[in-house]
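Based on the provided sequences and hints, a complete structural model is requested.
Protein chains in written order, with UniProt numbering: chain A, 1 to 443; chain B, 1 to 443; chain C, 1 to 443; chain D, 1 to 443.
Check each hint, because a few of them may be wrong.
A pair counts as met if it fits within one copy or between any two copies, since identical chains are not told apart.
Pairs of lysine-lysine residues, derived as DSS-like cross-links and limited to a Cα-Cα distance of at most 25 angstroms, are as follows [said to hold, decoys possible]:
| no. | residue 1 | residue 2 |
| --- | --- | --- |
| 1 | K299 | K4 |
| 2 | K251 | K344 |
| 3 | K71 | K261 |
| 4 | K261 | K340 |
| 5 | K344 | K299 |
| 6 | K73 | K299 |
| 7 | K357 | K441 |
| 8 | K344 | K71 |
| 9 | K112 | K217 |
| 10 | K381 | K441 |
| 11 | K357 | K440 |
| 12 | K261 | K73 |
| 13 | K112 | K173 |
| 14 | K437 | K344 |
| 15 | K73 | K340 |
| 16 | K261 | K131 |
Think of the hints as simulated: they come from the structure by calculation, not from any bench.
Small disclaimer: the values here were computed from a predicted structure and weren't measured.
4 protein chains.
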Amino acid sequence: MFFKQFYDQHLSQSSYLVGCQRTGEAIVIDPKRDIREYIEVAEAEGLIITHAAETHIHADFASGIRDIAAKLKTRIYVSGEGDDTLGYKNMPDGTIFVKDNDEIHVGNVSLKVIHTPGHTPESVSFLLIDKGGGSSVPMGLFSGDFLFVGDVGRPDLLEKAVQVSGSTEIGAKQMYQSIQEITALPDYIQIWPGHGAGSPCGKSLGAVPMSTLGYEKINNWAFQALDEATFITVLTTDQPEPPHHFAQMKKINQYGSDYFKPYIVYPAEDIALQTFDIRTRSAYHGGHQHGTVNIPFDKNFINQIGWYLDYDQPINLVGDNQTVQDAAHVLQLIGFDIVKGYVKPGDEVISQHVHSKDITGEEKNVLDVRNESEWNQGHLKQAVHIPHGKLLEREVPFDTNEPVFVHCQSGVRSSIAIGLLEKKGFRNIINVKEGYKDIKKDL
Amino acid sequence: MFFKQFYDQHLSQSSYLVGCQRTGEAIVIDPKRDIREYIEVAEAEGLIITHAAETHIHADFASGIRDIAAKLKTRIYVSGEGDDTLGYKNMPDGTIFVKDNDEIHVGNVSLKVIHTPGHTPESVSFLLIDKGGGSSVPMGLFSGDFLFVGDVGRPDLLEKAVQVSGSTEIGAKQMYQSIQEITALPDYIQIWPGHGAGSPCGKSLGAVPMSTLGYEKINNWAFQALDEATFITVLTTDQPEPPHHFAQMKKINQYGSDYFKPYIVYPAEDIALQTFDIRTRSAYHGGHQHGTVNIPFDKNFINQIGWYLDYDQPINLVGDNQTVQDAAHVLQLIGFDIVKGYVKPGDEVISQHVHSKDITGEEKNVLDVRNESEWNQGHLKQAVHIPHGKLLEREVPFDTNEPVFVHCQSGVRSSIAIGLLEKKGFRNIINVKEGYKDIKKDL
Amino acid sequence: MFFKQFYDQHLSQSSYLVGCQRTGEAIVIDPKRDIREYIEVAEAEGLIITHAAETHIHADFASGIRDIAAKLKTRIYVSGEGDDTLGYKNMPDGTIFVKDNDEIHVGNVSLKVIHTPGHTPESVSFLLIDKGGGSSVPMGLFSGDFLFVGDVGRPDLLEKAVQVSGSTEIGAKQMYQSIQEITALPDYIQIWPGHGAGSPCGKSLGAVPMSTLGYEKINNWAFQALDEATFITVLTTDQPEPPHHFAQMKKINQYGSDYFKPYIVYPAEDIALQTFDIRTRSAYHGGHQHGTVNIPFDKNFINQIGWYLDYDQPINLVGDNQTVQDAAHVLQLIGFDIVKGYVKPGDEVISQHVHSKDITGEEKNVLDVRNESEWNQGHLKQAVHIPHGKLLEREVPFDTNEPVFVHCQSGVRSSIAIGLLEKKGFRNIINVKEGYKDIKKDL
Amino acid sequence: MFFKQFYDQHLSQSSYLVGCQRTGEAIVIDPKRDIREYIEVAEAEGLIITHAAETHIHADFASGIRDIAAKLKTRIYVSGEGDDTLGYKNMPDGTIFVKDNDEIHVGNVSLKVIHTPGHTPESVSFLLIDKGGGSSVPMGLFSGDFLFVGDVGRPDLLEKAVQVSGSTEIGAKQMYQSIQEITALPDYIQIWPGHGAGSPCGKSLGAVPMSTLGYEKINNWAFQALDEATFITVLTTDQPEPPHHFAQMKKINQYGSDYFKPYIVYPAEDIALQTFDIRTRSAYHGGHQHGTVNIPFDKNFINQIGWYLDYDQPINLVGDNQTVQDAAHVLQLIGFDIVKGYVKPGDEVISQHVHSKDITGEEKNVLDVRNESEWNQGHLKQAVHIPHGKLLEREVPFDTNEPVFVHCQSGVRSSIAIGLLEKKGFRNIINVKEGYKDIKKDL
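Given below as structure tokens:
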């Protein structure tokens, strides 16, 4: 049996290629929208991708399940569990809707479907048995967003991102039940999760790419002997606010969307569009065009820019040509295909700074852009609190002609806030460079 | 904790980077000679490589343990177990020679040393505990060439490649003992081996990159309840002949060698050198220069070319410029730094073929270049047997003016044999295209 | 003034970027359909592409003039000379149709239009004066397909490729006149032609990328003191047959077509399509799939494959993934956007060969696939003549069960013929390896 | 005949490959130290590099003439003209020292040597005749640093960079004479110069890559009817100060040096080394490590960093890994092979700025780092003048605790000065952002 994990840094997402070397067949689990890397690896191994499956309707990236069906004519398998109104729509002819206990056969490899709701009602996991390798016991579990290394999937996305009222509570109960049931499986099976550290699909995912069930039973909080109510409380508390684009992802993945097609970003014609500067933070602070918002093209790019994308509104990107093309491609992985133009860096505005340690506590007009839980753990008394992801839509209650001090926890999100404040007309914005963490705590 | 496996296709080898995100420190396990990829990943993760360790003196590739020490000033850890005469020599000042039960600390990650002889006398494994992640139980075992997915390391290399008389028997007994001892560890730990499918360091390695101890206990032959004698017999039977370069690797890795430096292969000046044609088999058969030997630059390149390299003799390579540069770099991973020139493909010789199904059994001058065990399982009655790796040194007992039929099992090794026979002066070589597998079995 | 020539190896085509550094404006002359390289260079030089112009309606590649207008909103200039029915149609709003003596201003650079018909009726050249550089005399002439290094444009394409009856004679007369008129320009001006060696837009283009008028007056046959009738005879004699795709190019470039968009070639679903094997000749001969036609992806790729493309019929390509993607992109430069799939090399057929020197003259069934003029200069007496570009449409008058010997001049085109003959059902095709050039001449 | 110009952006340097397609031979003119691109192009054209020649002992980049001789066993040709003490030393055996009127034959291409002193005493040019193309008249002149597009080579480098006293005057006279003599050649020949715009080997080189003699006679100042004395005055006035590394280049190219070998830059161990930050200016200003000097890796990189390199002192570079490797390679083209380490960007210092328009004229401690001629054309009355290239060696007469205003003409060189001033202990450095050009002129 051939096995390969594909880890996408921008999405903190894992997909998998599993092949039966005797029959030359292979399956992709949880494919992304651009399926080229699966094809290349399969080809190098002498395998043909004949099957594809996904564990659930993803909320954080654009699924490639319909793409792979259309482009490679594979058999595709999606969950037929859960409430029909929340299930898959417009799937290609021939899609197989699997239920608990069904089996998928890829040559001599078998994948048994286990319904593991909680993150979403239809979520399934796939338990792999390498029969071609001579085994009759399971080797591992493709656990999707049910079970992560060190965490479990959050149950609140449907409610927060798609407004399915009451679904958080239901999901949390289901998750409790799914966890109890999975403990019956042997300790030695590998856990192959759908996400790694940095994913907003949970709150404390580990940076180890895979685990084992036995290890999780000992170390993962969800397997500790909590009663159901406590479990639900822990699970539903302090989940980060889901980025704005999650709603769109759910829609795309439930109903389908355009197939992935590469495209080229040409020099911008319309400079009035929402424009993101994807250079490093220091490059932006050293000189940027007024009103552009700095989202550096690093591992947090998608998580950050997801807050500000309107899927009906084209955008421009500021950066060097190649980085812009790369960033536009990564945006396609969350289904956003309308980067209209790229813009060469301007340097009209040089950011103003104050070091956190020089904050006296006497400053007027302090804006705190951290999230709810950070704010709750302590803040400057005179600060106004607007989480960075809400800045576009909320009013900032300061005079645009006065100096405004903006801070977050460590300096990342306040840098983003600068451009947003510029767009709102503020003329004198001072970035508190090291953020709240270095502000004297007795102010 | 950060964890990444690096799998090298050409060496079928796994090395690992493990980092403690709290302290920013990282360790490389079993580094290759070109350490750039470890640096790049560490950097992207915000880690500094501060430690490096290796599980044993490798026989199949050039270790990077001395390179990483010299270039990154890391602390390095190698085995201090086993017979001193077979142990590490000329290690850098400050090298730490670890023994059973020692611990290596990399930030909050701890690696406990377990002496697991068998493949070699000094072989150790490292049992990882992610203390920074809050765990007090082991997560996994870096098992080097002791334990693979589906197999264990072969004990016969010292005897076959370095002529340490009697060492096979001793190693096999040690392996039996090591296996018994390791069974005490929990089923749920991950097994992170030193090699994958295709490696000649064992005979039946799986193509799954990692496993768990519990899974191996059930599925790996070595954990089945065999008595010691049977275990030794199974372990020492039918091990493939080690490629010629293994002897050199042992020497390099035990005593040290030049540090890795990139170099450029320029057009060949001296066309009298041993010359390998690294194009595809069909390109070679469609037209090649007389006396050049076809070793296509694919996943088997190192395993095949290793048979024919003399580390004191520069070679030329035939192929397009970029592929030759790539191949020269891969050869550096087995410590071979003297590709002198590249040669553009000639087409003076077009290979002659006969399809296996057209072999009548009446052919004279049939050369079978398969290995011992293949020959023993059946062969043409009139065939002469010289394994392909011995062709350079042995005499071929045919008239060089007569037609010679050459075959292997499936057509790969007979293609190599063509050039070797041309060098020996044969003028009329007929490749049996599909090999012995498609020759009628009643001849 | 900034000046850069872009030479496309596959099209043997030159395009140009000229910029005025004072105003930051730039013009592209004769852009290709994929305009990225112009943008990248302009950007690196701090220039904005504000203008684009073309010398004539190209017959050999897909013009990018409409693409550059749409994507960069440049002002575009095309010829308004010549017969209207043969002129540009469906041009974007704002297109400027230039006539003899018009001037185009790009910052301080001026381009004077000179009507230079002959290759086509509307052909113009642009005479550049670098006023920004302080000069009042011309620096050079963008001569399009009017004047090449060592040759002039052929006048017969409209007649041969688009069936404009009588246009060859008219064009040849116009060319004579254009040459006479251009001699009035100073010797020292540079000649910046539209094509280089290998282009089928003339018959003897040099491999030097640019020249001067004075040098051409001395060395180019067209400037020697020939009377008009002799000039016309020389010009219209022995022009190579235009590849099949020229007709399509004329149509696309006269009437417009889809804009360039990149796309991905996925593994082939439909293996019944016309399939080209783009590997090297020796790789093809060493093993190929029956009925696939070998057009190696080298500098002659476009000239060769152009003979066999039907713009309504998708094709497959055989080769490694990356080379197929590259080849598909190059085909987009001649407006062909429907490579449906790629196919991994098969090896069912190994080509049969005979060396030219072993041809006895007694062979039956000899097929000569050279062009008309080669045939006329000598051929085997028993040979049947069908130029390789006509093989698909003409019947081959041999028994498909008998051996067929196929030859060209040097072995390139006969290799192509093999697959075409396989498609026609021939089972025993023998390639005359070195072609007619090495066949004994007294047979 | 095949002809290709290679233009190196970093060196503003042109080298050439010329081949005779009939014999397959080729020559490189003025090769750089890394000869790979010549080999790749020659190979793609089916040519073998059999000859190499250079026009003079270069002062601005490390010649590849000895490398090409050693690596490709080509015949090499250098000037045997001029004063022997200033001529080539330690040339490889078999080097041909050419004199005026000698001819070099490369297949059917001939290169006639013309002694054209002025830039240096031994400078020669090569007049090409394409005999294989049927011509008996010259096609063009490889004019090295004798004749540029729009300018001639400066005669003062030997005196300024290598302290050959009186050589400027002698060179200027020789240049006058060389110009007179070259006018006898026909107007129509192409001029293929050794440098383009941005090169410090002249003062007003054009950005057009080639010209013709006739065009230069009209437009190049050097061909206007000046008497000798005026010519000398114009030629020797306002030549820019030669960068510091020119002295080293002269030595390397006269006496020889190590052959080019690629190397890898690993993370820096010794952070006390001179360290250059090669990121963009805005990235540096937005946050940099104290005392690092900003030389962005753009087209001016070599010209700027050349001022600060000590060839005996290793350096570190700040930037992303790939850009540092690229920059280290480019430094090898000027013979600097000791980039010891790369350093990840720090952000401890954020640059302070004042806009030029806000300069009142009342500022104390103003440092003007422009060159002599800029200073002479006007400056702030209170400014102290130290050209940026001299800042390391000269004392800055201000109190290191007081604010220091630093400006150049447009903001590029003052950015470099910031790091230099930090190294000198200044703590409060204010960059005058837009430079002198935007300072009010009545201050």
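Results of checking the hints against the structure:
1. K299 - K4: both (22 angstroms within a copy, 16 angstroms between copies)
2. K251 - K344: So K251 and K344 fail the 25 angstroms test inside a copy (34 angstroms) and across (37 angstroms) alike.
3. K71 - K261: This pair counts as both: shortest intra-copy Cα distance 11 angstroms, inter-copy 18 angstroms.
4. K261 - K340: Both: 15 angstroms inside a chain and 14 angstroms across chains, each within 25 angstroms.
5. K344 - K299: Classified as both; 22 angstroms inside a copy, 17 angstroms across copies.
6. K73 - K299: The answer is neither: 32 angstroms in one copy and 28 angstroms across copies each exceed 25 angstroms.
7. K357 - K441: within (10 angstroms within a copy, 40 angstroms between copies)
8. K344 - K71: Classified as between: cross-chain Cα gap 17 angstroms, same-chain 36 angstroms, threshold 25 angstroms.
9. K112 - K217: both (21 angstroms within a copy, 22 angstroms between copies)
10. K381 - K441: For K381 and K441, the Cα distance is within 25 angstroms only inside one copy (11 angstroms; across copies 49 angstroms).
11. K357 - K440: within (6 angstroms within a copy, 37 angstroms between copies)
12. K261 - K73: both (17 angstroms within a copy, 24 angstroms between copies)
13. K112 - K173: Cα proximity of K112 and K173: one copy only (23 angstroms, versus 40 angstroms across).
14. K437 - K344: Result: close only across copies, 23 angstroms inter versus 34 angstroms intra.
15. K73 - K340: Intra 32 angstroms, inter 14 angstroms, cutoff 25 angstroms: inter-copy only.
16. K261 - K131: Neither, since 37 angstroms and 45 angstroms both go past 25 angstroms.
When each numbered hint is compared with the structure, violations occur for hints 2, 6, 16.
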